[in-house]
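Heads up: the sequence lines are chains A and B, in that order. Just so you know, we're using this note's numbering here: the first sequence kicks off at 10 and counts up by one. Just so you know, we're using this note's numbering here: the second sequence kicks off at 60 and counts up by one.
Treat the hints as calculated values from the structure; they're not laboratory data. Hints may be right or wrong, so weigh each one.
[Unchecked claim] The calculated label-pair distances, taken between Cβ atoms and stated as ranges, are:
| hint | chain 1 | residue 1 | chain 2 | residue 2 | range |
| --- | --- | --- | --- | --- | --- |
| 1 | B | Ala63 | A | Asp467 | 32 to 40 Å |
| 2 | A | Ala367 | B | Ala580 | 18 to 26 Å |
| 3 | B | Ala212 | A | Pro473 | 49 to 57 Å |
[As the list claims (entries may be wrong)] Coverage of chain B stretches by chain A, computed from C-beta distances (three or more under 8 Å per stretch; other residues unrestricted):
| hint | stretch |
| --- | --- |
| 4 | 200-214 |
| 5 | 332-344 |
[Claimed, not checked] Chain A residues, not near chain B, derived (Cβ > 12 Å throughout):
| hint | residue |
| --- | --- |
| 6 | Ala12 |
| 7 | Arg31 |
| 8 | Thr201 |
| 9 | Val284 |
| 10 | Val315 |
| 11 | Leu476 |
| 12 | Gly566 |
Please read these numbers as outputs of a predicted model, since none were measured by experiment. By construction, the Cβ of each residue, glycine as well, lies at the ideal position given by its N, Cα and C atoms.
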Amino acid sequence: MTAPLPVADRAETLRTVRTLLRPRRRLAVSGFAVLTAATAVGLLTPPLLGHVVDLVAQRRPAEALTRPAVLLVAVALVQAAGTALGLGLVARLGETMLADLRERFLDRVLRLSLRRVEQAGAGDLTSRVGNDVTVIAEAVRSALPELARSLLAIVLTLVALAVLDWRFLLAALLAAPVQWHTARWYARRSSTLYSAHRTAVATQQQQLLETIGGAPTVRALRQSDAQVDRVVARSTAAVDLYLRAIRLLTRFYGRLNLAEFIALSAVLAGGYLLVGAGAVTIGGTAAAALYVHHLFGPMNSALRLVDDAQVAAASLARLAGVVQAEPPPAPHPAQPADGAVKAADLHFAYRPGHPVLAGVTIDLTDGETVAVVGASGAGKTTLAQLVAGVHRPGSGSVTIGGVDLADLTDADRRRTVALVTQEVHVFAGTLADDLRLARPDADDDALYAALADVEALDWALALPQGLQTVVGDGGHRLAVTEAQQLALARLILADPKVVILDEATADAGSAGARVLERAAARALRGRTALVVAHRLTQAAGADRIVVLDAGRVVETGTHDELRSRPDGRYATLWRAWSRSR
Amino acid sequence: MTAAERARNRAGGRLLRQAVAGQRRLVAVGAVLAVGHQAGEALVPVLIGTIVDEAVATGSGAALIRWLLVLAVVFAGLSACYRFAARAGERAAEQAAHDLRRRLARRVVAPAGGAETGRLPGELVNVASADAARVGAVNMAVTAGAAAFAALATTAVVLLQMSVPLGLVVLLGAPPVLLLAQVLGRPLQRRSETEQENAGHAAGVAADLVAGIRVLKGIGAEGTALARYRRISRSSLRATIRAADAQAGHDGALVAVSGVFIAAVALVGARLALRGDITVGDLIAAVGLALFLLGPLSIVTWVNGQLAQARGSAVRVAEVLDAPPAVPPATREPDRPVRGELVLQDVADGPLRVPRLRIAPGEFVGVVALDPAAGTALVRALAREADPAAGTVRLDDRPLTELEPAAVRAVIGTAQHDSVLFDDTVRDTVAGPGEAPADRVRLTAVLAGTTVDELVRTLPDGLDTRVGDRGRALSGGQRQRLVLARALAAEPPVLVLHDPTTAVDAVTEAHIADRLRALRAGRTTVLVTTSPALLAVADRVVVLSGDADPVTGTHAALVRDDARYAAAVLA
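Please model the complete structure; the sequences and the hints are all you need to start from.
Structure, rendered in structure tokens:
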């Protein structure tokens, strides 16, 4: 059933990067040019120090030292200015590209059909938008500038070594095979280990949330020990993986220490031979040794960052996969005449051979409210989703105002049909912002009116800052009933012709359910509505009731008609519900 | 600072010291080895100078080989020291954090409760993860700090031995240099921190929109949401760029200041060498050491920052660990055998007012609270989650306040309306984790009575299907049926159910109502609900109206005679 969203291959990922880079070519070139210049200027320090050494070795007068000292200061200032400027430019480049990428990504994600979102599973999307975007952002913010600086430092230092004497370069390169091998050895192991560690930390967080968020239940069931044991087990797993990663990292640095020793001793031995042969000065040797010593830091950073770069590239491929995905072709545009809904002979199965709907036909006239009643598994939610266009029927058709749902563009369909389920989400931000998602141009009075319609005005006004109170994640927490009232208020503001309510009042307690039923009734006024009801009072208030059983319509009629059928399914239900009447 | 703040800070300090003391062996080993590592790093530039002096300048091959061997030994030593120091320090940090996490989890789910009071779950999770990690990281900071001081000392000794004036220039020069870089960088960095916080906002908004994608699509609000996200993303971008500029400025300042410092050391050192006070090798070593010194010095400032962060975190952790219990502790066990009689006398707690109510052993009673908050308060009082502000609740003539909270819950089982499911299989959820289903016939009856058996048939792995994090793999109605089955399967002598079927469809609810009595036959059962289907099967219904004595009667009689009741349950 599940089909994860696409992941871009290498060529597609590169294409995405190029697309993002193209409008900023000048910024990229100037940023790297400035950084290169700054690094190159910085490399003048060791030869200047070497020159000082030579001056001392030649017993020159103290006044001769002034010039190199002034130059050293000048080098430092120029390098500093260049570094600051270059890093700023590179950051600007990375950050604007990142902002573009995340906006494009969200754009594509929000355009995905609900069907595609369901297929992908919530976890896939959440991890791409949360984890992958963060990984790339961190790479852009820390790894990228450091990597750029390190690589520049390495390349230019090697050039400088060659300028001193090409044989110094050869000596330093003796370490390269060890470094090459170490980097490959590390990258192979680290990616899997780090991703296992990230997963373990996420699992640990989830466990903490489950245990802490469910603390009253844990106490009621006297499962404290068992829950603490679970937290300990998850935490232990994360700690163990982290320590394994540390062991790997320290072994990595151990191998690089060997490479450092090889390079340094080779350059010193080379200096010994070259000075003996009169090819270089003592100061030249000192400069070469200092170069190599300075190379340790950038070399270690660059090799370690290879791994970060790999992880970021994998995340980038996952974002690029979505960004590159073709938007679905737009069908012929058509406008529904009104809100009349005709569902004809709908068949649907999630798994072949297990039909959920087996020939359901329902007509809703414009403005009519029809309640769907039935046991769990009767196909109520599936029917709601087919009418809302979340899924396409296996066979049969759904038309709204004379237009086939399949012929409506996604945007048109959503303007016409709204679906509210028991899944509530309060968007982080002010209460007003949350409501204006449904209608951006609504003024405060419209918001107040919508809230009043769903009986939410009292608590909304009682919030610390009224409509401007920050709600949702990290803000004021709304109760389940309040959140669902908010959903109904959004529905009123969105003002669609057709509304599908799928147990939109289910998760509130019984007192909340009543408030919500009243609110729902008001939100549905003047619209065509298909209401999946679990409380019979809600069904009783509808214009017509459809009883579903095992994917078929078994009864249909008004509350009074159905109630008076002696052995009717609905009548039996109603008697059980109101046994006392 | 107020006395309360001082007390909080003291508790935090104590916790911090405990965190280090608990790992003292690892911290000591790590510190000693880290000292070795830093000393080795300090020796490398010294050896470069020595080799230039003794081998390159003199042309002595024997000296070259001798000193290269020394260099090899130093490298081997510093490498090994680093490896085991890092492992010891990180292990100490992780173990301390792990230990705190365990204590925090234990405190939060402790029978006496109280740790959640005034704190959102997200906040507590943050304390148990980020704050615990920061407190644990003190161990790494102590290790690194010891090493940095040792490196400073080593450098000082080497330099002063070489030449007192040069040593003084480097040693007295380095701290002000670093300070200057810090002073130059501080306003920038402070700005950078707030900007960075601001910048994180875009990621949060995106995750929030995606989490609500079904809701957005349900009302066709994607376009609006995207426009809003673009705005936030752009303002976030501006903030990040300002932060990055600040950071770049700070990096540049560091480059400038340390470059000037090196130039000064080179100038002073060269003058000394020209006068013959030090050798050329000493000069090279001094320049190398001056550069090296910036490393340990920045470690010292890093340690300082870590300690400041850890202090704040330790205060938060200590506050949770020392949170007062929600119900005063008691040690007595309920009398056995349990009869299952409940008596409420003069109970008052917010909207809940019960002058007197007796529920006989084995009775099956419905309770309708006209104010839903009163129902919640009643269930919490019976579960000893919170003792009522006034009055007493007695179980078999024993006030609940005299009984140990967990022991009360062993006798009075409760399924509150907001009960959650844990990520277990359906079987373990209902029968209890790891427990063999003691009575298969009973379990089957419970599953059938709650229609969980029907649900199980639709699940991919039947009873062995995992319900997912907080039961998220299931629908609201399915979760509620499992919560009910779990409460029934535990067979407590007294069972309190709070709105057990609000998310269940009418067909299923009628089925559950039919079987509930049989499953609780002979045991006391209290149903706090307004569902007519459930109330109709109760022996009697008690109506809590918040004023006088509760009204009592059968569902049928109450519906007939009490208009407020009829309105509450049938509206």
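Each hint, compared with the structure:
no.	hint	verdict
1	B:Ala63 / A:Asp467: 32 to 40 Å	holds, 36 Å
2	A:Ala367 / B:Ala580: 18 to 26 Å	violated, 40 Å
3	B:Ala212 / A:Pro473: 49 to 57 Å	holds, 56 Å
4	200-214	violated (count 0)
5	332-344	holds (count 5)
6	Ala12	holds, 16 Å
7	Arg31	holds, 18 Å
8	Thr201	holds, 20 Å
9	Val284	violated, 5 Å
10	Val315	holds, 20 Å
11	Leu476	holds, 16 Å
12	Gly566	holds, 17 Å
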